[in-house]
Structure formats: structure tokens, C-alpha cells
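Asker: Dock chains R and B against the given chain L, drawing on the hints supplied.
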Amino acid sequence: MLEQASKATTAMSLKKGLQRRWRLGEKFIESWILLAGILTIVVLLGIIALLLKEGLPAFWYTPPWEFFFGTKWYPVSEPPTFGIMPFFVATLWITLVATAISVPVGVACAAYLAEVAPAKVRETVKPIIEILAGIPSVVMGFIGLMLLSPLVQSAFNLNTGLSGFTAGIMLSLMSLPIIISVSEDALRAVPDDFRQAAYALGSTKWETIRHVSIPGALSGITAAIMLGVGRAIGETMTVLMVAGGALAVPISPTEPMMPMTAAIASGIGNAVRGGLQYQALFAIGLILFVVTLAVNLIADKVLERQKRKFAR
Amino acid sequence: MVLLVGLVVSLVGCGGGDNTGDEGELAGSIKIIGSNTVTPLSSVWAEEFMSMHSKVNIAVSGPGSGAGIAALINGTTDICQASRTIKQQEIDQAKANGVEPYEIQVATDALSVVVHPSNPVSELTIVQLSAIYTGKITNWNEVGGNDAAIVVISRDTNSGTHVFFKEHVVQMQGLPTEDKSLEYGGDVLMLPSTEEGVSQVASNPKAIFYPGLGYVTEEVKPIAVKKTADSAGVLPSVQTALDGTYPIARPLLFYTNGTPTGVIKAFVDYCRSSEGQGKVTEVGYVPLK
Amino acid sequence: MRAGAISKRQFSQRTAFSLLIIATIIVVIPVFAIVLQIIINGASAISGDFITQAPSQAGKAGGILPAIVGTFYLMLGTILFALPLGVMAGIYLTEYAKENWLTKSINLAIVNLAGVPSIVYGLFGLGVFVLLFHFGMSLLSASLTLACQALAMTVTTSREAILAVPREYREGSLAVGATRWQTIRHLVLPQAFPGILTGAVLAMSRAAGETAPILVVGAAFLLPGLPQSPFDQFMALPYHLYTVAAHVPGMPKSTIWGVALVLLVVVLSFNVLATIIRLRARQRRLNA
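Chains as they are written, first to last, in our numbering: chain L, 1 to 312; chain R, 313 to 601; chain B, 602 to 889.
Hints are not guaranteed to be accurate.
Cross-link-like lysine-lysine pairs, in silico, BS3-like; alpha carbons within 30 Å at most [said to hold, decoys possible]:
no., chain 1, residue 1, chain 2, residue 2
1, B, K705, L, K27
2, B, K854, L, K27
3, L, K72, R, K601
4, B, K705, L, K301
5, R, K343, B, K854
6, B, K699, L, K307
7, R, K448, L, K72
8, R, K601, R, K591
Restraint-style ranges between C-beta atoms, simulated for each label pair [unchecked claim]:
no., chain 1, residue 1, chain 2, residue 2, range
9, B, R768, L, R23, 19 to 25 Å
10, B, F832, L, M85, 50 to 56 Å
11, L, E78, R, E415, 17 to 23 Å
12, L, E78, R, A541, 24 to 30 Å
13, L, M85, B, I626, 36 to 42 Å
14, L, R122, B, F832, 47 to 53 Å
15, L, G274, B, L637, 45 to 51 Å
16, B, Q829, L, S154, 47 to 53 Å
Residues from chain R that keep clear of chain B, each with C-beta distances beyond 10 Å, as calculated [stated by the list, open to error]:
no., residue
17, I345
18, P375
19, E402
20, D499
21, A536
22, T552
23, N569
24, T571
In short, the hints are calculated from the structure, not lab data.
All of these numbers come straight from a predicted model, not from anything done at the bench.
Beta carbons are placed, not taken as given, at the ideal position from N, Cα and C, and that holds for glycine.
Isolated chain L (complex conformation) (with noise of 0.2 Å):
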């Protein structure tokens, strides 16, 4: 008896050793899941700390105000002068242009999409739209370069086809991807009873669409609209390929133009590391990390409040 007792002690020790050795083994694990999941915070804390470490000191040489509101941009010249509003005016008239064009035909098309397109139609459409979402920006600068510019030059007249104008189409092609995506998961959010309800009380397909699915997925369509602005702001390679490059303050969209993030691209090759060129491209950095920093977080909320709006 008292054998069996201390076989059952010892069988009794040893899996509990086992499970304290199985335990630890799960802590271990689970602390390097813990660790991934702060690599996130670290990562953006770090791009946000480069940053600011090698992009304030351009604010030592030149004051805020005059950065921002300065509109001569001569980082090579003996002594160099940075002032951005050219570019971030540019940025402002290309986002302008691009979501002036894939908002429209966006959410219309997510609405045919998600509303009135028989499912063979959805079936084909969906598989080229994601074609078109996976197209690099380079391929989309070069096709702007070779074939749209001329176009635009010939159509408005203008003294040359890389403007602003024609960069904002290219960028109108690569936010339609998601500003269609959101918006159809958005009006597919909204529940069936609501459009049911509008059908009983006699109104067309149409009406329904105009007075009952759109204003209930309006929020998912602010927050998809956003995320294409947020596209369309951060977007370098075609811009650079495309909108023209002059320094000038654009004062109309047809203008050829230099965005933030092509100035940056235009000068960080030839900067002296830690010079006064670089710190002032960290500053543009900066600004333009900021921006799109705040039209995203902005999509996110009203994303989260759309979700929660629905949720059953």
C-alpha cells in the first residue's frame, strides 16, 4: 500500500514538474508574442524619433514659419534658402485633382458593385480592380510619362503634359482600388431589413440606393475617401515621374509642380549627410509623415464608428 502511495506521489511530482517545465516553455513563448506585439509601437516610435532627430535642427537654421510659408527653395545655393509652400501647395492641388476624379466614379462604381451588379459581373470586375491595385507606382509613373502626358498637352493646350494635372489622374487610378473596396464592404455593411423596408414602402432599386444605402454606409465611404487622399498624399515615385518639378508656387492645377514627397526623392541623393539640405528633406519628412499621420487616424475612427454603428 504504502508503495503504490509513493509510486502515485512520484507519478503525481513528475507531471507537475512536466507541466511547470510545459508552463515555463509557454511563458517563454508567450513573453516573445508580448514582444512582437510592442515591435509594432517600436518601429513607428522609431520612424517617428529619426525623425525628429534629423529633421528639427533644419528648424534651428530656419525658423518654422518661414519653412512653411517660405516659397524659395534653393538647397544648393551659397547660402541655401528652404521654404516648401511650392510643394505643399503642389501636394494640395494633385490630392485635389485625384480625389476630385476616384471619389465620384469610386463610390459610384462600389455602389454598382455592391447594389445593382449580377455576381458574374461582380466576379470579373473585382479580380481586374485588384490588378489595378497591384500595379507598382513606378510601372503607373512610366505609363503616365509615355502615354498620358502627351495627351493632357494636347488636350488643355498647355506648354507641357507633366503638370499636376496629369499626375492626379495616375494617382485617381491608384486610390480607386481601395476608396471601391472600402466603400463596397461599407454599403454591403448596411442590413438588408433597411433596403427591404424602403422596397415595401414602394421606392425603385434607385431611390433605395440614393436615400437609404448610401447615407447608411456614408461613414465607411468618409473613411474609404480618406484612405484614398491618404494615398494620393503619401504616393512618391509617380509623382516624381509625372507632375513636372518646377519650384514655382503652382497657381493652377495644369501647372507643371513638385509634391512633398517628389522634393524629397529630387534632393536625397545629392545631400551631404547631416548637411543643411538634409535636415531640411527630415523636415518635409516630418510634415508629410504628420499629414498623413492625421488623415488616417481620422479614417480609422470613422471606421471604427461605422462598424460600431451596425453591429449586431
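Answerer: Relative to chain L, chains R and B alone:
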């Protein structure tokens, strides 16, 4: 005459020391970083050199003259290729890092001013070019052409060409009208690439641009540049760049840390030899002699 | 009402629907135009040599093998760093995280990271990996930079894939005595695997097409051989396209289109792969 001088140069180059003899095969690796203007030339040289010496590895990158100089200062490259001269500020930084920049000219580039073939304007003075690029002259009819706006194209600040053109044409260095405060005009298109500039001129009758000689195609028309109003207009060519009559010629340079030795020296010697220089015109630039 | 007459409301519906269809056509046509142009103009440059040879004469002749290989190395390096970390972070967020400030910050960080412009990632890579860590202009620096960019995507897709595994599965597993980690390892992850894989493939496709970060971090124009170690320099397709389109005198146009074609094929085939994985997984789940 070019052949004779080339022969002399190659003899001089040979005298400098041929490393393939006693120690066996030439081996090692060389990093070349810097100007995107010089890149096509260095690539061709690198390819030839590697085919002659199979144990040598050469890597060429062209992010920009400034990036190359920075790499030299940081010690992350063996050769910096540049289409502009190193600035004093950069020399100071290099010395502070224990690097002694050593300048070697490997070729010359003639900056050709080109316009569309249909443009009636065939010659311009440096003063006129400066006025066009600062935005003072905005219409072709002010320089003897049609009544049309001038689409002024330049390279962006990544390019050593941008800086060189600014100092020597826009600011008219060396002329009595020299003005160091002049800047490119606000309507000038700063393009990220020379190819793009040339194709723009080829397709736009109003455009003007300054590509290196090697980029000039039959689709664009080079303009004769007059140093002053009374001098003769000179078209850019290998000849006029070599004999100095073409006013906008610039040196293409290699910078190394101290005088080059070993495999780097062998490579540089090759580039400056008649064999290497023979490749220069193939790529479209102007050889040293 | 007369037979055959349509009411005003019907009319406005038809008009509206036509507009919607037009919008969709506006979206679809450019895709065909772009892809067809690239195929038509680039096909002439494609040959066995083009894909298997190294470039010569400053890229005007020869092939683009190093750029293709470099792109694959970049994709590999990116996913090597971004996938394990992304999956683990996704696991953390779905299985372990509590509703506290840490979780909120992580979610915030992910949203932000997804929106950072690629040129800013380039600056980050330059400042941190190239300069601070002294990795130089290497495959390692570029892969790490692209991995940071891909991280937001891998975390998000992993999280969604894991969330999609029904609660009952987990609860059943815990009910028979498995620990949380065992449940994750043997049940949740295998179920979520297709979704995670889709995310990984999409991230690789994105890495293949990115130019701005490697422009700043420093891809090379000409390399004698293929990179032998992560510290070597590298060539890459998008950078090669940008360079040959931009910086080499007398580059034959068909070559440029050819590079664009190869890049497009690489990127799109990964997208197609991701779609196939997604559809196969859905199929299996429906059949189960």
C-alpha cells in the same frame, strides 16, 4: 592627333605600374558610388575591366554626386564618381573623418543645349541662356524665334549637372556679367532624369534642355552657344569640347581616399588609358584628350 | 398609364444605373489599356537572354537577371522579417491582449504604420539601417526597411485570419485541457494559415514593386554578380526600370517596356497566387 595623344597617355599610364605581373592575377573588389551622369561610363569601364580580370568585382551605383561624396566621407565607397567638383564644406567634413579626397579627371562632358528640331533658333549667348533659365526671358520671340512660351527644363538638385549649369551658365561664372545671386526661375521644370528631359524636348516644340552630349539624339537639335555676343557660336561636339571652344564643358571626376593603390589604381589607370578612353565616345562623352 | 411608357422615377433609375455602369467602365478600361500597352511594347524585348543574362553596356544590352534575382532576394528578406513578427503580433492581439492602453497603442501604431508614405520609410531605412547600424547600402538594409513597411500588413492580415477561426474551436480545445499556447499552435494557426499566407504573399508582392525606399537606401545600377551575402549591394526590378527609363543615354525603348513587363508579371503573379490561396481555403472551408 587624338590617336597620337591617346598613345602618349597610355604610355604614361603604363609607366604607372602594371599590377598583373609579379603577384599573379589582379584580384579584389571596388565600389563605385555617385553621379548618375557618370554611371553609364563607369558601368562600361567596369564591365570591360572585369572581363579582362576575372577575379575583380566592381559594383556601380548612381544615386547622385552628393550621395557619392557622402559615401566617400563615410568610408563606404572606394571610388566616388562625380559630375561636379567637391565643395569646400565637403572637403572639410572629409578631413574631419580622416579622409583625403583625391581628384582624378576621367572624362569630359559637353552640356549640349537642345531644342526641338522645328525651332528656328540656332544660337544663343550665355547671357541669353542665363536669362531664359532665370525666367527673365519667357518667350521665344525675344531670342529670335517664334511667338511661343519657352518651356524651360532642367535637372533636379540630385544631379551634379544642375549645380554645374547653375554656376557656369545661370550665374555666368567667368563672364563680366557674373552674378552669384541668380537662381533658376520658378517655372523651370526640375526633372529627375536626363532621358525624360530629352524626350520632352523631342516632343515639345517649345522646350529647351541641357543634356550631356551622350544623351543627344537625332530627335533634338543642339544649339550653338556663343560665349559672348561677338564670339562665334559653337556647336557641342567631342572636338569642340576637347579644344575648349565649346563654353559649357565640365569634367567628369573620380574621387578616392588618398592616391589610389592596388586594384583601384589599376582600374583608374585603365579608365585613363587609351583603351578605356576609347570607350568614352562610345558612351557619348568626351575623352580626356 | 399607357403600356410601354416609363415613369419619371423609372427614367431616373435607368439614368442613374447607366452612370454607375459608366463609372465602373471608367475604372476597368485603364487597367486593360495599361496592361496591354506594356505587353505589346515590352514583348519584343523579352527573350531567354533577357531573363537570364546580366546587363551589359550600361543596361542597353544583355539581360536583367541580377535585377530579377535581387527582387526575389528582397521579397524573401522582407517576408523573413515581417512574417514571423507579424504573425506573433497578430496572435498577441487576438489571443493575449487585454483591453488596456497597451493594446490600444499597438492598434494605433498599426494604423499609423500602414499610412506612412513609402519615401518616409526610405528616409527611416537610410537613417537607421544604412547609417546608424552601419549596414550600408545592402540587401539587409533594404529588406529591413521594406519589412517595416510590410509589418502593418502582416499584422493586420494575421489578426483577421486568426479572428476568423470560430470561438467554438478554441473553447472545445481548452475544454479538453489544452493550454492556450497548445490551442494556438495546433488548432488556431493551422486554421488561420491560408489567411496568413495570403497576407504574406501580398506583402511580398508589394515589396517587389516598391521603388522609393530602395531609391533612398541605395540599390545599385550595375553589379558584377549576384549578391552573395545580405551585406552585399543588390539590383532590383523597380529601381532598374526607373533607372533605364531615366538615366541611360540611348536606351532602346523596347528594353524599358521589357523591364516594365517583367516587373508587372512578377508582381501580378504573386497577387494571383494570393487570390488562389484565398479561394482554395474558402473552398475547403465550404466543403468541410
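Asker: Could you run down the list of hints and mark each one as holding or not?
Answerer: Here is how each hint holds up against the structure:
no. : hint                           : verdict
1   : K705/B with K27/L              : 23 Å, holds
2   : K854/B with K27/L              : 59 Å, violated
3   : K72/L with K601/R              : 41 Å, violated
4   : K705/B with K301/L             : 13 Å, holds
5   : K343/R with K854/B             : 29 Å, holds
6   : K699/B with K307/L             : 20 Å, holds
7   : K448/R with K72/L              : 17 Å, holds
8   : K601/R with K591/R             : 13 Å, holds
9   : R768/B with R23/L: 19 to 25 Å  : 24 Å, holds
10  : F832/B with M85/L: 50 to 56 Å  : 42 Å, violated
11  : E78/L with E415/R: 17 to 23 Å  : 21 Å, holds
12  : E78/L with A541/R: 24 to 30 Å  : 29 Å, holds
13  : M85/L with I626/B: 36 to 42 Å  : 39 Å, holds
14  : R122/L with F832/B: 47 to 53 Å : 48 Å, holds
15  : G274/L with L637/B: 45 to 51 Å : 47 Å, holds
16  : Q829/B with S154/L: 47 to 53 Å : 50 Å, holds
17  : I345                           : 8 Å, violated
18  : P375                           : 6 Å, violated
19  : E402                           : 17 Å, holds
20  : D499                           : 22 Å, holds
21  : A536                           : 21 Å, holds
22  : T552                           : 19 Å, holds
23  : N569                           : 16 Å, holds
24  : T571                           : 24 Å, holds
Of the numbered hints listed earlier, those contradicted by the structure are 2, 3, 10, 17, 18.
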